[in-house]
Amino acid sequence: MTKITSKYVWEVPVRVTHWVNFLAILVLSVTGIYIGNPKSLALAPSGYVMGWVRFIHFVVAYAFTISVLARFWWMYKGNRYANWRSFVPFINADGRHKMGRMFRYYVFISKEVPYVEGHNALAGATYLLVFGLYLLSIVTGFALYAEYAPDSVMFKLFGLIFIPFSSQGVRLFHHILMWLLIGFAIHHIYSAWLMDVKERGGVMSAIFGGYKPLREKE
Amino acid sequence: MSRTRDGNEHDGLPDPALPPPTVWEERGISRRDFMKFCTAMSAALALPPAFAPKIAHALDQVKRPTLVWLEFQDCAGNTEALLRSSHPTVAELVLDVLSIDYHETIMAAAGHQAEEALAKVTKEQKGKYLVIVEGSIPMKDNGVYCCVGGRTAVDIAREVCGNAFATIAVGSCAAYGGIPAAAPNPTGAVGVKEAVPEATVINLPGCPLNPDNLTALVVHYLTFNKLPAVDSHGRPLFAYGKRIHDACERRPHFDAGQYVEEWGDHGHKKGYCLYKMGCKGPATWHNCPTQRYNMKTSWPVGAGHGCVGCSEPLFWDSMTPFYRRLPNVPGFGIESTADKIGAGLAVATAAAFAGHGVISGMRHDKGKPEDHEEA
Ligand code: HEM
Chain G
1 MTKITSKYVW EVPVRVTHWV NFLAILVLSV TGIYIGNPKS LALAPSGYVM
51 GWVRFIHFVV AYAFTISVLA RFWWMYKGNR YANWRSFVPF INADGRHKMG
101 RMFRYYVFIS KEVPYVEGHN ALAGATYLLV FGLYLLSIVT GFALYAEYAP
151 DSVMFKLFGL IFIPFSSQGV RLFHHILMWL LIGFAIHHIY SAWLMDVKER
201 GGVMSAIFGG YKPLREKE
Chain R
1 MSRTRDGNEH DGLPDPALPP PTVWEERGIS RRDFMKFCTA MSAALALPPA
51 FAPKIAHALD QVKRPTLVWL EFQDCAGNTE ALLRSSHPTV AELVLDVLSI
101 DYHETIMAAA GHQAEEALAK VTKEQKGKYL VIVEGSIPMK DNGVYCCVGG
151 RTAVDIAREV CGNAFATIAV GSCAAYGGIP AAAPNPTGAV GVKEAVPEAT
201 VINLPGCPLN PDNLTALVVH YLTFNKLPAV DSHGRPLFAY GKRIHDACER
251 RPHFDAGQYV EEWGDHGHKK GYCLYKMGCK GPATWHNCPT QRYNMKTSWP
301 VGAGHGCVGC SEPLFWDSMT PFYRRLPNVP GFGIESTADK IGAGLAVATA
351 AAFAGHGVIS GMRHDKGKPE DHEEA
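Chains as they are written, first to last, in the working numbering: chain G, 1 to 218; chain R, 1 to 375.
If you are wondering where the hints come from, they were derived from the structure by calculation, not from laboratory data. Just so it is clear, the structure is predicted and the values come from calculations on it, not from any experiment.
Mimicking DSBU-like on lysine-lysine, the simulated pairs with C-alpha atoms at most 35 angstroms apart in a straight line are: (1) G:Lys39 / R:Lys242; (2) G:Lys156 / R:Lys128; (3) R:Lys269 / G:Lys39; (4) G:Lys156 / R:Lys340; (5) G:Lys3 / G:Lys77; (6) G:Lys198 / G:Lys98.
Chain G on its own, in the form it takes in the complex:
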């Protein structure tokens, strides 16, 4: 028989930032699509449709940035599942081995379900890429945002990106990043669901409640 105990894996800051990011990316994508390809919704010049959409984009952008920074901080302060090491499994042989095992399972070469408590190694490495996309969205977003005030501190900081890249190039890249994040979201929900079914590790409920079931053979 096995005994099922539960283990507290995802602490509050991990779960809160996860859901703030989820909501923020949703809102930023919807407002971003409107900014990128607006429809003439206002009937009178006194309307403020684009004004509000952009306002929401920028306010949520700040919330998103704070959430991402908080998660970075928690990579040092949080428990071992939240730690930055989970996102760089490839730095040691064991991690690389685990990534390989997970990869073989994903591509149907192996039938062994690798059960893990925190992130599986492959997922962890993927999240590193996603954090990269977050940072790029933030940097390009604030650079474009600061264009209205070229003598501001913000522009001095983020505007550095305009030395190697043109403003239009940065705009296009900011736009493409959204599609990359949407692509990630599709993959992410699918694999979370897949692993929830296959691993029976309760990943889906863990991101709400924080606990994962642990099976121990007696």
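Mind docking chain R with the ligand on chain G? Use the hints.
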């Protein structure tokens, strides 16, 4: 009593109580018009109105600094912009105050005589004269693609700009290479600062430049004896410190959400925002909305055409396609936009994972935790 000196209100005899006529009055410009001009210039330079008398004082005293005007790979469009005002303006006369010792399009001298005049300036007025450069400088194959009087453009620029007090690069070609530098840039065209890094260069890009900005720059130099503050692209902040999008007369339509969707549609007739027609106002810094062109008559967006970003470095490459908001995605056909590719990516991802899900559902995994527990 105001002391009018335009000759209208007295009998024509010089009033002994008045100071002798200034250089301006000799040229038929009334004190009133002159002061109006000085006030307009302090506004163009983003100075408080209190500076107008200071500018007036400086312009009254001008010592005719020497100016040479070099043309390289250009279309003379900036010269045209300057010369083709509909009637003589104070602005033109300010430039007259400069002693234009060399200008290929307008000088009377030709051949060796002209080149001698130029050599004389660089030698005798070293570090004191101003240079205006129009057109880009080709660097490929030792610069042979543009020669004047048997010398390459880069060779002339090194000597003339290198010895000047300052060089004003007028138009986008002189500033950043402009149209000759557009990909694939067959002549290796660059702007003055890149060709002659040691020169003091101030850029007045635009296609063409706005002559009012050149006048204001010269007035600034005559008034303060130094060059104005510039941005990271070497452009004076008084003219390039604000984004077109943020000063545009159509901006309320942008914020409202009223866009031209098609040329000639209802919105176009009503003067809605040209954002969706590919206007590059959001990526371009220039004072066109306020300063305007051709005696302040109009400017592209005012006339119903989107901005093409002509005052930004390498605009021919970075601002195209002119009638689309975003650049094309490199490596894809010109008909694909970022959104089409992105939506395709999202659909492909979803399809791939749906397929993966079906296969995963059918497979029997080994070591599945506690299968036997299931009833
Ligand atoms: C996950 C995060 C984000 C997504 C998915 C996103 C998405 C988008 C999209 C699709 C656009 C339209 C781009 C175009 O077609 O021109 C846009 C525009 C914009 N975004 Fe974001 N964005 C994100 C984060 C941010 C952040 C953090 C900022 C920082 C303030 C920001 C600032 C802006 C600005 C200023 C624009 C207008 C660009 C312009 O002037 O054309 N965005 N965003």
